[in-house]
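Could you put together the complete structure from these sequences and hints?
The sequence shown begins at 1 in my numbering and counts up one residue at a time.
Everything labelled a hint here was simulated from the structure, so no lab data went into it. As the structure is a computational prediction, the values presented were derived from the model and not from experiment. Any given hint might turn out to be false.
The list that follows gives simulated cross-link-like pairs (lysine-lysine, DSS-like), each with its CA atoms no further than 30 Å apart [to be verified]:
hint : residue 1 : residue 2
1    : Lys-178   : Lys-195
2    : Lys-232   : Lys-194
3    : Lys-196   : Lys-209
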Amino acid sequence: MFILTVIKLLLIALNIFPSRFTNRRIMFLIYMTNLVTHVMMDEPRFAQPIPNVTVAVGRDANLPCVVEHLGGYKVAWIHIDRQMILTIHRHVISRIPRYSITYTDNTWLLHVNQAHQDDRGYYMCQVNTNPMISQVGYLQVVVPPNILDIESTPSSVAVRENQNINMTCRADGFPSPKIIWRREDGEEIAVEKKKKVLVYDGDVLPLTKVSRNEMGAYLCIATNGVPPSVSKRIILDVEFSPMIWVPNQLVGAPSGTDVTIDCHTEAHPKAIIYWVYNSVMVLPSKKYKTDYTENSYRAHMKLTIRNLQYGDFGNYRCISKNSLGETEGSIRVYEIPLPSTPSKQVTHTTVESRENNIIPSSRNDTTKALQTDVGYAMKNDLYPGSASSSSSGVGASSSAASSSTSMQTSALPGGAAGNSLSSLGTKGSLATGKSTFDADRPPNQYASSVAAPGLHRALLSCSLLLGSGFYLAQL
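Structure follows, in structure tokens:
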């Protein structure tokens, strides 16, 4: 505008002095030239463009506007998106207290304190020349990701085994966040039936026919390039009724020793686990030691029985029970006889017993039954004529003879395992002397003939007596 005015003045001057070049005209031209030069040098202009500024929400931002040769003109800042005048020269016009202005070395600096998302947009620096001059810069306000709990799956969710479930994770922020899923334990995630991945992208994680192996913590992670990234931990509980696995259903041990039996169980919700013997719950004591080890939905239960005695053999049950059901496993503890040691004691009373069917009173009931049976068998086989007389001598001989048909060599403890001889009947009951009770160990059948030849039966009777620690002085 000033340049046009100067040109007009020059043209007027030339019209006034069209033909004569006088000193006055020369002086006037010099003056006008200096005036134009001065006007052109003092015209306001922007020394550099306004940079685009990026700031995280809640942080401070500064927008610079550098104007040279401002002279008497004024600088104003305008938020174009809001159509709001913020400042004029050194005065703040906006009622938003977060805006302020400073001036140093031709730089007009607009301060935006604790930037909000509404502050995002274009800002104009304007000089009130005629015509107006201006330039524009952009303020970007970024927002770190934030997970929306109200739109996401709760922190703990339960589902029945073999059912489907979709876990959801929603987040906001600027730019829009990206959602990824992964397991906290680093295991693969089974998606789309047979497909397994370490990382799954998407707001919704679909799981089909969930198994107990998929139980655990899942991490939903939201990122958008603005720190910090955020995550949510979602625990997936897979519910199922108890299951029990028994490694050894038959456990044998000698009397007087300690034995440990164990069960493995899986259940969720957490199950109540305990041992039962003879319909009575087993509690920790000097006799019993219980040990339970748990790992997630798995549990390992052990029971140690100290100093095994006759009444400790039998069936032990491990029981697991939760709100969805109950199951149990059975373990049979049976006795293993220790190796036999032959006795060095030799008595003539044994010989008399063979001939006269008289058993010394110093032996226990079991030995009496066996000796009577052996004596009857020998007299019947070696002395055929004495069968009727010997059977009338002692009434218990006939009953002992009938039980000897099912005699088991494996049931002879010999000496160290016990001082009694035992035989297993056909109904699985163990007979010792005159007492009968259920067998606590699995049968170990050996062949024995009821109608064996006489010599073979005599040799069997002799071997039984020798195994019991008795020697026949004479046949």
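Against the structure, the hints come out as follows:
1. With a CA separation close to 22 Å, the supplied pair Lys-178 and Lys-195 stays within the 30 Å bound.
2. Among the hinted pairs, Lys-232 with Lys-194 is consistent with the structure: their alpha-carbon atoms are about 26 Å apart, no more than 30 Å.
3. Distance check on the hinted pair: Lys-196 and Lys-209 sit about 14 Å apart at the alpha-carbon level, within 30 Å; holds.
Comparing the model with each earlier hint shows no violations; every hint is respected.
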